[in-house]
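Chains as they are written, first to last, in this note's numbering: chain A, 4 to 387; chain B, 4 to 387.
If you're looking for bench data, these hints aren't it; they were derived computationally from the structure. These figures come from a predicted structure and were not determined experimentally. A couple of the hints might just be wrong.
Same chains, same names: a pair is fine if it fits in one copy or spans any two.
[Unchecked claim] Listed next, the in silico PhoX-like pairs over lysine-lysine satisfying Cα-Cα at most 20 Å (straight line):
{"hint": "1", "residue 1": "Lys321", "residue 2": "Lys36"}
{"hint": "2", "residue 1": "Lys36", "residue 2": "Lys7"}
{"hint": "3", "residue 1": "Lys232", "residue 2": "Lys91"}
{"hint": "4", "residue 1": "Lys7", "residue 2": "Lys28"}
{"hint": "5", "residue 1": "Lys335", "residue 2": "Lys239"}
{"hint": "6", "residue 1": "Lys36", "residue 2": "Lys235"}
{"hint": "7", "residue 1": "Lys50", "residue 2": "Lys234"}
{"hint": "8", "residue 1": "Lys335", "residue 2": "Lys36"}
{"hint": "9", "residue 1": "Lys235", "residue 2": "Lys91"}
{"hint": "10", "residue 1": "Lys50", "residue 2": "Lys259"}
{"hint": "11", "residue 1": "Lys50", "residue 2": "Lys232"}
Number of protein chains: 2
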Amino acid sequence: MDDKLMLMIPGPTPVPEQALLALAKHPIGHRSKPFEAVIADCTEGLKWLHQTQSDVLMLTASGTGAMEAGIINFLSAGDRVLVGTNGKFGERWAEVATAYGLNVETITAEWGTPLDPEQFREKLEADTAKEIKAVILTHSETSTGILNDLETINRHVKAHGEALIIVDAVTSLGAASVPIDAWGLDVVASGSQKGYMIPPGLGFVAVSAKAWDAYKTATLPRYYLDLGKYKKATDKNSSPFTPPVNLVFALQATLKMMRAEGLEQIFQRHDRLKRATRAAVKALGLPLFAPDECASPAITAVAPTTVEAEQIRAIVRKQFDIALAGGQDSYKGKIFRIGHLGFVCDRDVLTAIGAIEAALPQLGHENFTPGAGIAAASKVLAES
Amino acid sequence: MDDKLMLMIPGPTPVPEQALLALAKHPIGHRSKPFEAVIADCTEGLKWLHQTQSDVLMLTASGTGAMEAGIINFLSAGDRVLVGTNGKFGERWAEVATAYGLNVETITAEWGTPLDPEQFREKLEADTAKEIKAVILTHSETSTGILNDLETINRHVKAHGEALIIVDAVTSLGAASVPIDAWGLDVVASGSQKGYMIPPGLGFVAVSAKAWDAYKTATLPRYYLDLGKYKKATDKNSSPFTPPVNLVFALQATLKMMRAEGLEQIFQRHDRLKRATRAAVKALGLPLFAPDECASPAITAVAPTTVEAEQIRAIVRKQFDIALAGGQDSYKGKIFRIGHLGFVCDRDVLTAIGAIEAALPQLGHENFTPGAGIAAASKVLAES
Numbered sequence: 004m005d006d007k008l009m010l011m012i013p014g015p016t017p018v019p020e021q022a023l024l025a026l027a028k029h030p031i032g033h034r035s036k037p038f039e040a041v042i043a044d045c046t047e048g049l050k051w052l053h054q055t056q057s058d059v060l061m062l063t064a065s066g067t068g069a070m071e072a073g074i075i076n077f078l079s080a081g082d083r084v085l086v087g088t089n090g091k092f093g094e095r096w097a098e099v100a101t102a103y104g105l106n107v108e109t110i111t112a113e114w115g116t117p118l119d120p121e122q123f124r125e126k127l128e129a130d131t132a133k134e135i136k137a138v139i140l141t142h143s144e145t146s147t148g149i150l151n152d153l154e155t156i157n158r159h160v161k162a163h164g165e166a167l168i169i170v171d172a173v174t175s176l177g178a179a180s181v182p183i184d185a186w187g188l189d190v191v192a193s194g195s196q197k198g199y200m201i202p203p204g205l206g207f208v209a210v211s212a213k214a215w216d217a218y219k220t221a222t223l224p225r226y227y228l229d230l231g232k233y234k235k236a237t238d239k240n241s242s243p244f245t246p247p248v249n250l251v252f253a254l255q256a257t258l259k260m261m262r263a264e265g266l267e268q269i270f271q272r273h274d275r276l277k278r279a280t281r282a283a284v285k286a287l288g289l290p291l292f293a294p295d296e297c298a299s300p301a302i303t304a305v306a307p308t309t310v311e312a313e314q315i316r317a318i319v320r321k322q323f324d325i326a327l328a329g330g331q332d333s334y335k336g337k338i339f340r341i342g343h344l345g346f347v348c349d350r351d352v353l354t355a356i357g358a359i360e361a362a363l364p365q366l367g368h369e370n371f372t373p374g375a376g377i378a379a380a381s382k383v384l385a386e387s
Numbered sequence: 004m005d006d007k008l009m010l011m012i013p014g015p016t017p018v019p020e021q022a023l024l025a026l027a028k029h030p031i032g033h034r035s036k037p038f039e040a041v042i043a044d045c046t047e048g049l050k051w052l053h054q055t056q057s058d059v060l061m062l063t064a065s066g067t068g069a070m071e072a073g074i075i076n077f078l079s080a081g082d083r084v085l086v087g088t089n090g091k092f093g094e095r096w097a098e099v100a101t102a103y104g105l106n107v108e109t110i111t112a113e114w115g116t117p118l119d120p121e122q123f124r125e126k127l128e129a130d131t132a133k134e135i136k137a138v139i140l141t142h143s144e145t146s147t148g149i150l151n152d153l154e155t156i157n158r159h160v161k162a163h164g165e166a167l168i169i170v171d172a173v174t175s176l177g178a179a180s181v182p183i184d185a186w187g188l189d190v191v192a193s194g195s196q197k198g199y200m201i202p203p204g205l206g207f208v209a210v211s212a213k214a215w216d217a218y219k220t221a222t223l224p225r226y227y228l229d230l231g232k233y234k235k236a237t238d239k240n241s242s243p244f245t246p247p248v249n250l251v252f253a254l255q256a257t258l259k260m261m262r263a264e265g266l267e268q269i270f271q272r273h274d275r276l277k278r279a280t281r282a283a284v285k286a287l288g289l290p291l292f293a294p295d296e297c298a299s300p301a302i303t304a305v306a307p308t309t310v311e312a313e314q315i316r317a318i319v320r321k322q323f324d325i326a327l328a329g330g331q332d333s334y335k336g337k338i339f340r341i342g343h344l345g346f347v348c349d350r351d352v353l354t355a356i357g358a359i360e361a362a363l364p365q366l367g368h369e370n371f372t373p374g375a376g377i378a379a380a381s382k383v384l385a386e387s
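With the hints as extra help, turn the sequences into a complete structure.
Have a look at this one:
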């Protein structure tokens, strides 16, 4: 039953009714006073969500567009940058940086393992000439469900003193705390179809004062993604180019919901859903792809060995109308990913676990006590 | 009454109920079979609308993003380009081309007058060394309501033989015929909040085989706006980056409506609405900004001399809940613009004219027979 589809993928995530209804509103002029008020309200909410007093800019773009803007506005061709890669998205930032002629050095970890902050420390400490202009990394690696240790890596960047830290927070913002001002993060990019709980189409970039200083001398060519234009317009509650008016209406609705729930409560909810999901997967005898200590609160990747990942996904999709995500690139068919990001509640996790649990015996995977997944998840949910 | 707002601006344009309801649908996974079918359907409809067998690509971007993609994918730094500028958007393409280090030569006409095809002919004929790599221009100049003579200018580009023709059809596509294959246009960019009848957030770029040849050797840096990635994905009914799923649903709905109406019927409707609007404005004793012979079917700009443009707009907005557009840049306060683009019918034009007619005497402008605007518009509508 296609109309019963339930999304448990890392994006698009489920959209609450208030946002769907906002999407269905007649658009208004984007250069009108009423729309200025909408932008002002959203900007305030975005700063709250980003835990920053600095700028948060909205772009009509996917998360990749936002991240590209986060890179090209602050750097020049030939600049030496360190890019952390331990999954599809880290690799993508290395590709973007290379496409723009940056001098890219990657710090790599296997998919399913976290970036090692020590490797960043070594490179940064060795750079006494202060040639490294930026450290670029993915906080929550959507392709693997790893939450990289941004706090520690950032501490090493701060010790370096010169390099900017440019962060993909696409699946961490609104799920894990990304305290931009407290940590001194320079550029943080994200996208609407994740923790924001609205459909794709809006990208966001938070920019620190230090990053704006770098902007002044950065020479990579840009126009549509020129964040200076966005700042100038946002300061007047406007936009440099036509914004996706209906998505902005929806954003206003979900930011209001998020503020009503509270930041700490949002993070705790995601943490609880993550722990319940992981406990259930273990109880079902399925190997988790990411270790407990660096597991993303947004996505749990599972690497089954006794059954085919794609077969589990197929049954869960066909019989139970739940979309789980598959693996990407060389992990296609090797893992599946459960999204528990955004507008997701305890019931949703129980439902997804129940469906996986029901699918496994159909595929000959029976080395678990029937009901063990639900029992394990319920226990975590009851305790926290 | 804010909820009674009626949009008569050149974008966002009014959105039909079917598209609003499509926007309010729960998103689905963008990497799923059902969404592949949606992309396939949209791609077919887009090719029909663009009158082309070649590629039409969808981007998560505003029209400016689409136009920038249309420029940077086919050119290299230092390339000599001719840019036609006779309004805000022509000027914008000169800015984009300059930002990317192209060797920009502008062919200029005053705002409110059309580009002179002869000036293009002269430059192109003089270029026997075939150094001009592209001619870039705006078809319907949204800021002034001028429809530039694309057909003639394009003929001169074809006679040159080497240069690409890159066209901003943002407010002409879906209002005037843009026969891409018949004319041999190379790159045509547009945006969703115009003739497409859906909210802003999607950009479109049509690309000819000749342009793809130029793509192979073009060296400007790009990643998010790299159209090669979009072509590769679109050929598989996919997208390189997360598409704005709900806007694509809405696009599918309006493309279906457009195909039911028919291309010729759509163009005739816009032509009729344009002529009715212009006849009414003349009957009200208000000067039209663009001459009849080069008036855009999407926008009618009015340049009142006896009354303040902004005062007319204010009354029409406040008393009649109709949004008209103001002038841009140095024409702010000097002109106002009536959009009759997209989901607009005879009734809408009568309504807007009625409101303007009612506003004028309040501002002391009474040199017209009461009812003359409606009478003139009705006459045109009855005859055609």
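Do the hints match the structure? See the list:
{"no.": "1", "hint": "Lys321 / Lys36", "result": "between (48 Å within a copy, 12 Å between copies)"}
{"no.": "2", "hint": "Lys36 / Lys7", "result": "between (39 Å within a copy, 16 Å between copies)"}
{"no.": "3", "hint": "Lys232 / Lys91", "result": "between (30 Å within a copy, 16 Å between copies)"}
{"no.": "4", "hint": "Lys7 / Lys28", "result": "between (24 Å within a copy, 12 Å between copies)"}
{"no.": "5", "hint": "Lys335 / Lys239", "result": "between (46 Å within a copy, 17 Å between copies)"}
{"no.": "6", "hint": "Lys36 / Lys235", "result": "within (17 Å within a copy, 41 Å between copies)"}
{"no.": "7", "hint": "Lys50 / Lys234", "result": "within (14 Å within a copy, 36 Å between copies)"}
{"no.": "8", "hint": "Lys335 / Lys36", "result": "between (48 Å within a copy, 16 Å between copies)"}
{"no.": "9", "hint": "Lys235 / Lys91", "result": "between (33 Å within a copy, 18 Å between copies)"}
{"no.": "10", "hint": "Lys50 / Lys259", "result": "within (13 Å within a copy, 40 Å between copies)"}
{"no.": "11", "hint": "Lys50 / Lys232", "result": "within (18 Å within a copy, 33 Å between copies)"}
Going through the hint list in order, the structure satisfies each hint without exception.
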